[in-house]
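Visitor: The primary structure of each chain is shown beneath.
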Amino acid sequence: MARGAGKGWLVRLPPMLWLVVFYLVPFLIVAKISLSQQAARRPPYLPVFDPAAGWEAFGAALGALSFDNFVSVVADDLIWSAYRSSLVIAAVSTVIALVLGLAIALPMARAPRRWQPVLVMLVVLPLLTSFLIRAYAWIAILKPEGFLNGALMALGLIREPLAILNTDVAVVIGIVYSYLPFMILPLYASLEKFDPSVLEAAADLGARPAQTFFLITLPMIRPAVLAGSALVFIPAAGEFIVPDLLGGSDTLMIGRVVWTTFFSERDWPLASALAIVLLSVVLVPLVLGRRRAPA
Amino acid sequence: MPEARTTTDGRNAADALISIRGVSKAYGGVPAVTDVTLDIGQGAFFALLGPSGCGKTTLLRMLAGFETPDAGAILIGGEDVTAVPPYLRPVNMMFQSYALFPHMSVADNIAFGLKRQGLPRDEIALRVAEMVRLARLAGFETRRPHQLSGGQRQRVALARALARRPRVLLLDEPLAALDRKLREETQFELMDIQRRLGMTFIIVTHDQDEAMTLASRIGVMQAGRLAQVGTPQEIYDHPVSRVVAGFVGDINLIEGRVGAVAGRMAGFVPDGLEVNWQVAAGDAQPGERMTLALRPERLDIAASGRQGPGNAMTGTVLDAGYLGDSTLFRVALTGGAVVRVFRQNARRGDSGGLTRGMPVTLTFPADAAILLRE
Amino acid sequence: MMAGRMARFDPVRVALVLAFLYLPILLLVLFSFNASRLVTIWGGFSLKWYAGLLSNRPLMDAALVSLGAAALSATLATVLGTMAAVALARHGVFAGRTAMRGMIYATLVMPEIITGVALLLFFVAIDLERGFWTIAIAHTSFTLCFVTVIVQSRLAGFDRSLEEAAMDLGAGPAATFFLVTLPLIAPAVGAGWMLAFTLSFDDLVIASFTSGPGATTLPMRIYSQVRLGVTPEINAISTLMIGVVAVAVLTASLVFKTNMVTGEATTLRGGGPVTSG
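Protein sequences, first through last, are from chains A, B and C. Sequential numbering of the first sequence, starting at 6, is according to the working numbering. Sequential numbering of the second sequence, starting at 690, is according to the working numbering. Sequential numbering of the third sequence, starting at 22, is according to the working numbering.
Just to be clear, a hint being listed does not mean it is correct.
[Said to hold, decoys possible] In silico lysine to any residue, SDA-like type, Cα no more than 25 Å apart, as pairs: (1) A:198 to C:36; (2) B:804 to A:215; (3) B:804 to A:222; (4) A:37 to C:148; (5) A:37 to C:78; (6) C:69 to C:268; (7) A:198 to B:841; (8) B:804 to B:841; (9) A:37 to C:69; (10) A:198 to C:34; (11) A:198 to C:152; (12) A:198 to A:152; (13) A:198 to C:207; (14) B:804 to A:219; (15) C:69 to C:266; (16) C:69 to A:152; (17) A:198 to B:835; (18) B:804 to A:214; (19) A:198 to B:785; (20) A:198 to B:776; (21) A:198 to B:867; (22) A:37 to C:233; (23) A:198 to C:181; (24) A:198 to B:855; (25) C:69 to C:251; (26) A:198 to C:33; (27) B:804 to A:223; (28) A:198 to B:814; (29) B:804 to A:227; (30) A:198 to C:31; (31) A:198 to B:742; (32) A:198 to B:837; (33) A:198 to B:741.
Calculated from the structure, these hints are not laboratory results. All of these numbers come straight from a predicted model, not from anything done at the bench.
Could you put together the complete structure from these sequences and hints?
Guide: Okay, structure coming up:
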């Protein structure tokens, strides 16, 4: 539209400026501070680049930057296991969300046309409910005297209450619950565009229902599977609220470590380094996924 | 063309490859197919013809196994397959959308059904190569469907469906997505392949020319019912109803009353014209109101006064459309009705000197007209 | 049979998954009306926890801060996000397109804690006093991308020839946008605003990093109490928050005859299957 008009930059410039100033620059600052050291001052790190101090001070400050924080990230066992369990919990949650997501997205895409917008809305509505509240809602369900144990004991399935709250299981449940709509939406969008005659063609050529699913359906919606998995896995790996509310004191997830490092220990440089490592760990699969399945 | 007439009238129904017996199907109370009984013999090229929504695709999908009849049975080779799922039926389908697997190459698409049969690898390779040759796809084996032209995709769909050597190939509007020229070429290719393989083809189409060209037999469907089954010539020359007559080819329908019936001939008095034509009687009753069907090319047109033998009517030329090989006249009869007349142009510049407003006489022989009751 | 299975819609699995999505919320809402202080045992119907909320001054103040920040940031994010969507969907290839796309998609999946750290360090570095304004800026940054994605998909879905027809009839780029494009993407823009508003209104993590002593948002207030355990008061305030969002979304959907959640006009959905290959 604006291609021929030559004034398109008027439309592009404001969002571009905003993103650069209030998004890109902050990340560059995180990178810089991750190379600084904690200090008992305001702001609580050194060195500080002061444009008024001149070139010599700039050089000195540059020389004061170091990779010490990254060394501690790698050397610290606690941090190491926090990363590991973050990735494991995020991966397990992603797989469960994928199975549940397919379980609902497949029939949704086959629902009568006029119901489909309603179903989509029902899937999205929980997203508009506070994340915090949704995680909080599970405390009452999972705690020892909560709804789940009450129901299971009433049914006679268990005698003693199960200890679910404050375990990794509770964290996985909470993450699956919180991020499930992000999995369902791309799967549904992809399945809905699907020409059903392709499935009929597979059956016509002798493929049984399970073969049709694994040979035709799944490969054809692969981009959506990857997108949904990224939308669940990446934020889940950095999740703070769910492990904080539902996890136990021994549930180590990196989001929590960043939070405490930042607020309790006030070690901003270390927290920055933790954030950068997390970012690179979770972005690698995303970039690889995108490259293999373009568009 | 191999004729498969043995089963048309059900005399040898036991020999029929496909036997559809009293099949009905409704969607949410709305009938799509109602009580269809039809036998199709081995080696036939059968066309289900009808306007959209007439139930022909539903019938085809029931043959493939995608829909289950509410009532009736479907037999293939004498075996009741009504409850057999599509992946176990000895039929394959070519889809209107082609339904090619977008994530697989041409060769993998063709091999898909063979792999499901569990054929050995080298056997599959041989069959794929054979199909690639048959469908003239050499050099395109590794392409994906989106890298092919419409005509190539159509041939992949055909090759994929033929690869399993089904007893019956079902074709759902297989040529609808092709442009006119390609469609004509492909029609002859399909006929050629069908003849060479000796396989039974059942095609669904709304295009009467396509059905007439391709099929050895045609079943005309209307509102979920089979209105008429016969060879293209039978359907064209002896339609059983006004709907069939109107759907297959161009036709003039003239309302009137049957006069005296004498032997195999009957008199017919068209409304508003003071004539009494002699036409083939069929089962017409004297005094009955009926419709006379006249094909435009069976009418002779001449300037008034140059009348030939046979039944005649007079009128004036409304307009003349020159089509090259022929001219299409619209003539307003004295009684007010308008009829269409095709006149072959044997010589260059041959318009017969008939122009707009000119008084003309139309004549037709007794056997050119058909009396229709419904 | 196979045929049936392929064509028929199986509502049971849909219902089961929807139950998983809604049951926790429904329990929470139900027990906000519980007369008993015990949050898992029903003790009769009561509205007393709601009455108590109104006299809770800090909570009401926090709600005002949240509403203000959400309204401001959603509006900014909608304007900027729509501009970005138009640029990405309509401007072809331009300098910085990849960078813009990259930043928008990165924000979509970025763990909130990282965005929070980055923005806090940025505000400290430029020496901007933290409070209401920094929360609004931060929320604009992280909700903008959601608006862009919704509007962009709407732009991609509609017939380009409408815009070309407008230009053919003499409308300049600006007139074309405001007279043809904007009315057609209005449902998506509206949905984008709603989503941005609720994301901002609900956000805890980024607000915790970017707020100052003077500005506490509702989720921050709730979080400080939630950590102490489940209480009927929190159930009550949560129910109110859910109710406000649900009523707003449903009313908007009915008024605009549009699915405010997906930005799709419910009446415009075509039914034709997409051809493969």
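Visitor: Now tell me, hint by hint, if it's right for this structure.
Guide: Going down the list of hints, with the structure as the test:
no.	hint	verdict
1	A:198 to C:36	holds (22 Å)
2	B:804 to A:215	holds (15 Å)
3	B:804 to A:222	holds (17 Å)
4	A:37 to C:148	holds (16 Å)
5	A:37 to C:78	violated (41 Å)
6	C:69 to C:268	holds (22 Å)
7	A:198 to B:841	holds (23 Å)
8	B:804 to B:841	holds (22 Å)
9	A:37 to C:69	violated (52 Å)
10	A:198 to C:34	holds (20 Å)
11	A:198 to C:152	violated (46 Å)
12	A:198 to A:152	violated (40 Å)
13	A:198 to C:207	holds (24 Å)
14	B:804 to A:219	holds (14 Å)
15	C:69 to C:266	holds (22 Å)
16	C:69 to A:152	holds (23 Å)
17	A:198 to B:835	holds (16 Å)
18	B:804 to A:214	holds (15 Å)
19	A:198 to B:785	holds (17 Å)
20	A:198 to B:776	holds (24 Å)
21	A:198 to B:867	holds (23 Å)
22	A:37 to C:233	holds (23 Å)
23	A:198 to C:181	holds (20 Å)
24	A:198 to B:855	violated (30 Å)
25	C:69 to C:251	holds (16 Å)
26	A:198 to C:33	holds (22 Å)
27	B:804 to A:223	holds (18 Å)
28	A:198 to B:814	violated (33 Å)
29	B:804 to A:227	holds (22 Å)
30	A:198 to C:31	holds (18 Å)
31	A:198 to B:742	holds (24 Å)
32	A:198 to B:837	holds (21 Å)
33	A:198 to B:741	holds (24 Å)
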